[in-house]
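Since each chain comes alone in its own frame, lean on the hints to assemble the complex.
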Amino acid sequence: MKLDRYELKAEKSMTVFEFVSEGPKGAIQKLVQYGETNLKDFYNLAFGDKDLATGEIDDGIVSNNGDSEKILATVVATVYAFTDKHPDAWVYATGSTKSRTRLYRMGLTKYFEEIQEDFDLYGQREGEWEFFEKGVEYQAFLAQRKNE
Amino acid sequence: MNKTLNMKVKELNKSKLPIVRIDNSLEKYKDKTLFKDKLDKANEMLKTTGLPKSKRQHS
Numbered sequence: 001m002k003l004d005r006y007e008l009k010a011e012k013s014m015t016v017f018e019f020v021s022e023g024p025k026g027a028i029q030k031l032v033q034y035g036e037t038n039l040k041d042f043y044n045l046a047f048g049d050k051d052l053a054t055g056e057i058d059d060g061i062v063s064n065n066g067d068s069e070k071i072l073a074t075v076v077a078t079v080y081a082f083t084d085k086h087p088d089a090w091v092y093a094t095g096s097t098k099s100r101t102r103l104y105r106m107g108l109t110k111y112f113e114e115i116q117e118d119f120d121l122y123g124q125r126e127g128e129w130e131f132f133e134k135g136v137e138y139q140a141f142l143a144q145r146k147n148e
Numbered sequence: 001m002n003k004t005l006n007m008k009v010k011e012l013n014k015s016k017l018p019i020v021r022i023d024n025s026l027e028k029y030k031d032k033t034l035f036k037d038k039l040d041k042a043n044e045m046l047k048t049t050g051l052p053k054s055k056r057q058h059s
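Line by line, the protein sequences give chains A and L. Note that the numbering used here numbers the first sequence so that position 22 is 22, with each residue one more than the last. Note that the numbering used here numbers the second sequence so that position 46 is 46, with each residue one more than the last.
Same shape as in the complex, but just chain L (with noise of 0.2 Å):
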């Protein structure tokens, strides 16, 4: 039983989107910036070059 139900949660979380468990102890970091240095070289990006000019037209 408990091997099905191990191999059933492998084969879904091959799918695209995957099984995420949700963990509160990760909350502390939602509002902290981990990686500065990265972010504001993409507030930088956004000043110099901004988003694409154009837009992929999807059917």
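Chain A with its partners taken away, still in its complex shape (with noise of 0.2 Å):
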């Protein structure tokens, strides 16, 4: 994925990342967290802005920053760093709102090649997990990095 990117940091374990999101209303430092769930090898990520002041993180604000595709592409970057580190883990995400796992869907159908070669990628629809397909709606998404 050639697109530009944010600078990460990450604690040791690489389930945490932080960056910094610039643009017209200024710098918003992003917290990127993988989840352990209560399967082992299965993570959620998830990321939301942190409040400054209260340390707080909220997963639910448009920060508007005119900077979404870049965002994104900081994201996936972290999901490459974070399977380096777990080769075994399942990552799921979803959006906090229909609206932003769309965005989400979007992004994955406008890389889906270069995702594909690195990752098994699954949409979840009805209640099940499909090997993803352009064009379809889903409610979440797992993806697994190929063991070579």
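Check before you lean on any hint, since a few could be wrong.
[Said to hold, decoys possible] Simulated restraints on C-beta separations:
#, chain 1, residue 1, chain 2, residue 2, range
1, L, 32, A, 134, 19 to 25 Å
2, L, 51, A, 133, 36 to 42 Å
3, A, 118, L, 51, 17 to 23 Å
[What the hints assert, rightly or not] Pairs of lysine-lysine, DSBU-like flavour, derived with a Cα cap of 30 Å:
#, chain 1, residue 1, chain 2, residue 2
4, A, 40, L, 55
5, A, 25, L, 55
6, A, 134, A, 12
It should be emphasised that the hints constitute simulated quantities derived from the structure, not laboratory data. Think of the CB as a built atom: it goes at the ideal place given N, C-alpha and C, for glycine as much as any other residue.
So this is what it looks like as structure tokens:
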């Protein structure tokens, strides 16, 4: 993926990443977390804005900083870094709203050919997982690194 | 010299695997659940849907 993206920082285990979105609304700190679920090697990918005053994270906020493509490319880059450190991990992601899930789907669709070189990608539809296909509306996404 | 180095870093940062700077100040988030609602939803999904039933066969 040759998209421009932000520089990344992480703690040692590569489950928490931080980057700074820059745009007309200024610099906005973003945190990405791969949260451990009840199933071993199954992680929930979530990201949101860090409120510098309270330290709280808000994943529902729409920052409108004019850089959504760059943010998505940066989050995708964290998937590479995370799965490089955790090669057996399943990464689950869904948007906090339907429109955000749709935005993720559009991003995955756009770079599907490149993504599928390195990942098995699934979409959740009507309570089932199926291999991701372009043009299909999904409720959530699941990826696992291909282990050569 | 610095310009060349900066250019190399930019080029490297365009590879699929990004350059990630380790920042120990982020350790404080490691054991915290930052996105509880989403994590709860993921666990709920695991109960109802589980994992994909079939996996792609790689050559």
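Verification of the hints:
no.	hint	in the structure
1	L:32 / A:134: 19 to 25 Å	violated, 36 Å
2	L:51 / A:133: 36 to 42 Å	violated, 19 Å
3	A:118 / L:51: 17 to 23 Å	holds, 19 Å
4	A:40 / L:55	holds, 18 Å
5	A:25 / L:55	violated, 43 Å
6	A:134 / A:12	violated, 35 Å
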